[in-house]
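Each protein sequence line maps, in turn, to chains C and D.
Counting in the working numbering, the first sequence runs from 1 upward without gaps.
Counting in the working numbering, the second sequence runs from 1 upward without gaps.
For the record, the hints were derived by calculation from the structure and aren't laboratory data.
Don't take every hint at face value.
[Unchecked claim] Here are some chain C residues the structure puts well away from chain D; computed CB gaps all over 10 angstroms:
hint, residue
1, Lys103
2, Gly163
3, Leu307
4, Asp339
5, Thr597
6, Leu621
7, Leu650
8, Gly772
9, Ala776
10, Phe823
11, Val884
12, Ala912
[What the hints assert, rightly or not] Label-pair restraints from in silico Cβ distances:
hint, chain 1, residue 1, chain 2, residue 2, range
13, D, Asp211, C, Ala771, 35 to 43 angstroms
14, D, Arg321, C, Gly693, 17 to 25 angstroms
15, D, Asp5, C, Glu667, 49 to 57 angstroms
16, D, Arg256, C, Glu612, 44 to 52 angstroms
17, D, Leu17, C, Ala619, 47 to 55 angstroms
18, C, Gly693, D, Ala121, 41 to 49 angstroms
19, C, Pro686, D, Ala224, 43 to 51 angstroms
20, D, Arg321, C, Glu380, 35 to 43 angstroms
21, D, Ala251, C, Asp715, 56 to 64 angstroms
22, D, Ala326, C, Ala327, 47 to 55 angstroms
Please read these numbers as outputs of a predicted model, since none were measured by experiment.
Ideal Cβ placement from N, Cα and C applies to all residues, glycine included.
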Amino acid sequence: MAAARRVIRAARLGATLCAVALAAGGCMWPRDPLALRVWAAEDCRTIDPGTPPALENEIFSAARGQLRLSAAINETVAFQLVLSAGVAQPRPLSIHISDLAGKSAVLSARDAISIFRAHWVPLSHYRSWFPRHSGLPAAPRLFADVLVPWEAPLGGGPLRVDGTRNEIIWVDVRIPPDTAAGDYVGRVELLELNRDAPAFACELRLRVLPVAIPLERSAPLICRLAPADLFRAQLRWDRDEGSSVRLLPGAASHQPAVQLLNQTVALLQAHRANPVLDGSYPKFRPVGDRRVEVEWGPYDALVEAWLDGSAFEDRVGLARWLLPVSANHPDPLPEGGFDSPRFARLLSDYLTSCDAHFAERGWRDRALLRPLPPEPLTPESMRRIRRAAGIVAQSETRPQLVLHAPSASLRALGWFNAPEVELPDAAVLAPPAMWAAPAALARQRDLGSAAYVVPDQPPYAPSLAIEAPATDARLLPWLLFRYDLAGAWIEHAADFGEDPFTPDLGRRDHDWLVYPGARHGLPDCAIPSVRLKRLRRGSLDAELLRLLDRHGKRYLAESIARQVMRRALTDAALDHLLDVEYDGWTRDCATLDLARTLMLEELAGSFEPGSEADAARLANLARWARLMNRAERVAASVDGTRLRFASGALGARAYVSVSNLIDRPLEGRWTLPSPPAGWTLPPTPPIRVPPGGRMVGELDVSLAGLGSNRDGVFDVELLFESEAMGAFAAPARLAVSACPRVDVAPRIDGALDDWPRGFANAAGDFRLLGAGRLVAASGRDGTSEERTRLPTLATNAFFAHDGERLYVAVRCALRAGERPVAFSDNRLAMDGSAPWEQDAVEIILDPLSSPRGSTADLYVLQVKPNGLLAAYRGCPTQPPIGPVQPWASEVHARVETTFDAWTVELALPFSALPPAARNNRVWGLNVSRLDARRGEYSSWSAARRLCYAPQSLGSLIFAAP
Amino acid sequence: MIADDRRGPELLAALDLIPGLELVAVAGERLAELAPHAARFDDRRALIAQGGVQAVLLAASTRAGVELGEIAAADGIHVWRTAPMARDFSEAVEIVRRQSERPGVYRVASHHELLSSELSAALGSLERFRPRYAELRLRDEGPTLQSWRSNQVDAGGGVLINAAYAPLETLVALRGLPQSVWAVSGSLTGRTGQMSRETEDTCAALLSYQDNGLTCIRAQWDVAPHERRFWLVDPEHSVEIGDDVAIRPTAGGRARHFSLPSESLAWDLRRFESLARLNDVSGAAPLFQSHLATMALIESIYLAARTGQPEDPHKLYEVQRWPLPAE
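Looking at chain C on its own, in the form it has when it is part of the complex (with noise of 0.2 angstroms):
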């Protein structure tokens, strides 16, 4: 009976709890892991179908039912509520924010509060920068973006969690600017259909610092509009009567089209973003005497509200605004084309009329002219853009002429041939970031004339692509700031294709910012991706940024900016525009809200300084140290390591960096603390790296002798010990093999077992390109993601010689049953410093073994599954950064795909090669290999960040005759 009476009391005592818990806004975590869990997570976290539930995170603390905010006057700040369960839900689930009651005033929710639904994107296909970047396969994934209002009509709320991934509501909070600086309290609750009891409830605390965002934006994110996607997808448009259609704001049939062009620009605006128009030109015709009669009605009545600001609800109108000019308009064919003088005189002409119209109606000084869009960089490209500014120069005008071309030729950067760059020195450049040379834009900046830029892809610049990590959008607005840009210029904003919910899958850049919201009942309005939201966060803390340089922290906001975006642009690349390295910025969501705390609260101390805002500098002191005391600010890295004779002693040279980003002078010296048995690193003499500074050096290492090795591979770790920042570890391998001479020639049949073994002629143990991949690690705090740089799946090689013909043979291992990735094409793509999309192997040679050569030295050959086989003298990067041509090879290959592996085996006549590579007995060589079914390319030699480096390689070494 005691023991019922304790069991019946310690029930009631359990339900007492949890009343209590719940009462006072605490979440109730289920115990059942198939029952729904809920939890809040930071806007830039990325959530994907299965990311597990964080409970205790910065923002969230499910043990307290709290939900904690902080935010500036004028700012927008915005959470993610995920939904998880193990099976199906029974009901729907809706959501309900309470106003939020301050001291002194309420926040009413109607206001503040916006919620929206993250629909999921399936993608496949993407750049080769996405797995270097992110850390994950290149394979089939799914990724919130699309953002679905919450009333919306289809695939809003409230919604079903159907246990087989997560579900994710996205929730704004804007702070409005007549908003009293304090605490707010209100409440998040989950409801279920038909029930009182919330399925989800927590306390949402918002502080509201006394800082106040201005509400013009200081660096425009130029969101280009070329309404034709928008008009097919909404309003079944045919494509070319989208893009060549001149609306009229006052014919019936065009108001459709208007309504949603304003309400796609106010989206825009509304997210910090600075919408242009490209399309719908006002109609023109020659009226005689170099004169242009130009139909401005239609065309104001269009834009004049959004030139004002008073179509938008903060009533800012647009700081910048395209002159209703392009490529295409006038139209240069009926002219005789783009070269023809009649084309010049028309658009110099058509040029006037436009100038003298914006200048009447006061728009003049947010014109800008852009001719022509972004177009690969080639002589022709060249020479239509110095057309397009001389036309420019002869008409009557001044406007700001917007030109994407780099400042100076890509040469100095490695570009092999790039053509000469001579353009006026009043343009406003926009190049792509991989163009954009820090030096040189300040150069320009100095010369009174703005830089833009245009976001491309990683390492030059944050990625807005779909698949990009979910900190890149935000950085974009940083990155502008850290390199003193006047704004970014973004091409494609609303360029969504066919059908953005399922990508084309030819397409690869997956870079628009809005999408339709036809498909969801929105039959008149675009709808926001995550994106758009991380970059409005993006601009928001660049805002801060801006505010410390305002209030004389300049020092300070450019040093936070250095933390979080290190090196971008050509600053990414080392030694050429194709040496990169993916770790100029941040990744971490925690990393960017610590820094944009630190200045909220910097800010806040400014604007109402006190005891509390001292103490909160001094209690801030910890965060300052984990923002600033970040160790990737020192980068000592081995670039390559290769066998040498010298004397006839036998030695390994490896090719080491240190970087220094820090803002001091770093000394220290190489070390090798455990060297293998017969290894000696003598004494090295010490270096110096200056502040932004990189060196690279040479270290010689005695060799006693290599022993055997089943891979060919002795990897060894190097250390970089500074007296300042301490010890840098940098791995190093040196990649050996024999290559035997064999009196039987295998057979080149793509079959293996008739090759010699036991020479120490096997190459294996390949490793990542880059920092690796992203493999679920568990420590003391849990199950976490660390980088590894083993590749999925195992790669082996083998060499053999006999006098007349080097034989190489190659094993790719595939998960059983799985068919290597290839197209019966004869052409294998290359992305960067890659070959991408396809499987292939490469044989990267240097016959003459000149490890301080250039990609000129090296023979390339390239094998894909199908059988094809391309050789070049030279490396086929894109673009060149050397010389490079067909190479007659005269190589016999095969390839066979079995169960689990697809093998190469070719054989290389030496006749093929320079004469004296027969009496070299030390060749350079590498084999890489793509597995494009996950982006993984790996290399035997282990190279860091290229594999066509002459020093990068491995080292085959030739049986004596």
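Following the hints, complete the assembly by docking chain D onto the known chain C.
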């Protein structure tokens, strides 16, 4: 003349010693009582705009000094101001930038100019005096809560920028800028239950130099006994600057003492008067560089205290795109 109540009388007394400067207008009740012969303006801006003055002497809060100095300088009126030069480095750079295109003399009072001439005479030459070690110990009475020095917006800082400005100016002039600055600061001396100032009352900093030299700074308000000691030690001499100046051989020996002129304000005003009379704009300019360097040092100390990280004052020059000072 525009001055606060604390420094107004002192400035008037100094002005009496300079026949070339005639006081024609004052702003402020207390000053008007002390200088009944001068026209009185209740609005300080009106004094500058309508006072018909050729030069304006400003001894108000740093914020007011910067703002009023800018109005006067823009009107071509010569400006003399008490230190600090500005509330932060960027504001100081802005003053110099604007002033480089203007005709009038703009002088911020310099304690070091006076000290250096005396020190130079005592040491033979200052060129060879390169102190490897310096130590500043400053304990002073703090301002009231109502004083502008207690207000962050008006003063830009507390004990460091207000009480330690003069010795820091000397330190920078003799030693150049350090390579690294470590610092802590805060409002630590207020009694429990009392309102505290917005500005710091305690600051300690360590400065290290390219040649491994070191400077130690400790400055506090409201801590007794009050003390103002500044040691500069080079291999040959140890110089101690307090109420007077003592110079000793570093290895030991008898000290030589000399006093600084008691009318340091008058000395400075006399320099200003001679520059303004000749409209010698270029003669006033070199002092700007010394003040800029002092501001860079002060701001880097504040920054280091805020972030807990070592800071390099030269970075402030780079950020402002201003030429680095000659070392």
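Cβ distance range 47 to 55 angstroms for D:Leu17 and C:Ala619, holds or violated: 50 angstroms, holds
C:Gly693 and D:Arg321 - C-beta distance against the hinted 17 to 25 angstroms: 20 angstroms, holds
Hint check for D:Ala121 and C:Gly693 - Cβ pair distance inside 41 to 49 angstroms: Between C:Gly693 and D:Ala121, where Cβ atoms are some 45 angstroms apart, the hint holds.
Status of the stated non-contact between C:Asp339 and chain D (beta carbon gap over 10 angstroms): 42 angstroms, holds
56 to 64 angstroms as the expected CB spacing between C:Asp715 and D:Ala251, which holds or is violated: 58 angstroms, holds
Minimum Cβ distance from C:Lys103 to chain D greater than 10 angstroms, as the annotation requires: 21 angstroms, holds
Chain D versus C:Leu650 - minimum CB to CB distance exceeding 10 angstroms, so not interface: 43 angstroms, holds
Exclusion check [C:Phe823 not at the chain D interface, CB over 10 angstroms]: For C:Phe823, whose nearest Cβ neighbour in chain D is about 52 angstroms away, the distance exceeds 10 angstroms, so it holds.
Check on C:Gly772 being off the interface with chain D, judged by Cβ distance over 10 angstroms: About 31 angstroms separates C:Gly772 from the closest Cβ of chain D, which puts it past 10 angstroms; holds.
Whether C:Gly163 stays farther than 10 angstroms from all C-beta atoms of chain D, as the label says: C:Gly163 clear of chain D: closest Cβ-Cβ about 47 angstroms, beyond 10 angstroms.
Supplied distance hint 35 to 43 angstroms, evaluated on CB atoms of D:Asp211 and C:Ala771: 40 angstroms, holds
C:Glu380 and D:Arg321 - C-beta distance against the hinted 35 to 43 angstroms: Given about 38 angstroms between the Cβ atoms, the range holds.
Comparing the model with each numbered hint stated earlier shows that hint 6 is the single one that does not hold.
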